[in-house]
Amino acid sequence: YLYSTWTILLSERQFPVGDAFWQYPPGAGVLFALAGVAGPDPIIGFVLLAVIADAAILALLVAASLRVHRDRYSPASLWGPWAWVIGGAAIGPIMLARFDLFPTLFAVAALLLVPKPWLSGMAAGIGALLKVWPALILLALPRRNLWRGILGAVAVTALGTLLISAWADGGVSFLGEQGERGLQIESVGAAPFVIAGAFGAPQQVVLRYGAFEIVMPGAIMIGLAITAIGLGLIGVIALQRLRGRLECVAPGDIALALVLVSVATSRVFSPQYSVWIVGVAAAASVDPRSRLRRVTILLIAMSALTAVLFPWLYGSLLETNWYAVIVQILRLGLLLVCTATAVTVVLAPALADRLPVIRGLARPR
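Using my numbering, read the sequence shown as starting at 3 and increasing by one per residue.
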């Protein structure tokens, strides 16, 4: 219903200003407007565009895999494409029903174009016009190419914003709808409250911004704390990139670590975030130097648990029934294990000189 409403509004060159459910940068408005002309109905048009985006991601992964791997018949040669196919099946119908597939397309393109920094930056910039997180892919660029990628992203983002602002009013209104979001019940930070609820502790949950948020003493502080941790970890990785200490790490591993950190420390962990994670993990797996391919398997398992939890067990999770809580804790546990592993793999080379005990982790296989 929301997508249809937004499509109708944007076809009249007007962003949904004041709509708390609108949480997208200006580029998303263009895509929703395209959905209105892509099919006989806005929903059909949206799904058609989603199918095209899905196919485009698979085509990019297959082309990159065949280009990188000399032995086209080895199991590793098509690891990335198969990760996307199997991961998409694990995610389920929500992959084609939510907007997140489109920024994922440009994030995957940016990652696969790392050898061409200008194009990589431009792809990341287009992705950031749809949803902000693809900008993280810029830190996957080697230090010598980082600024070219950033300039490409800034140029595309600035030009795109200007053109969209000339096309329709209210393109940056989404910025005012983000600051007051609370701790969503399916996020990592909400886990203590969910576990306590399974043991009989009273819970208070309200529907805000299209999500069920925890309204309990300490929830705001936990949300702020995990956000600070996430910003700190991203800052550390960015600093090591600027110092040139991550040059021996596969770019895809850096991108995947950043995306996992941003999701694990977010106040929101919606089921469609699995699309981001699986897409970036699949693109990272294309690189023979990647040390996170096994992590991709765990992330696909996490996506499958997410598909079980949403929508089948979501009502039970809101009531903190023990079986739904177990599925949620397993889901969060897999996310945290994968995040910790990815961060360790990325930062190990930078810390090896100061902490000899982890020197083995930094040594390429």
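Derived from the structure by calculation, the hints contain no laboratory data. Treat each hint with caution, since some may be false.
[Stated by the list, open to error] Simulated restraints, written as ranges between beta carbons of each label pair:
no., residue 1, residue 2, range
1, Leu68, Ala227, 43 to 49 Å
2, Gly317, Leu241, 30 to 36 Å
3, Leu332, Ala203, 19 to 25 Å
4, Thr229, Ala57, 32 to 38 Å
5, Val310, Thr7, 28 to 34 Å
6, Leu165, Gly212, 40 to 46 Å
7, Glu14, Tyr325, 33 to 39 Å
8, Trp120, Ala65, 17 to 23 Å
Heads up, the beta-carbon is just placed ideally off N, CA and C, and yes, glycines get one too.
Quiz item: Which hints, by number, does the structure contradict?
Solution: 2, 6 and 7
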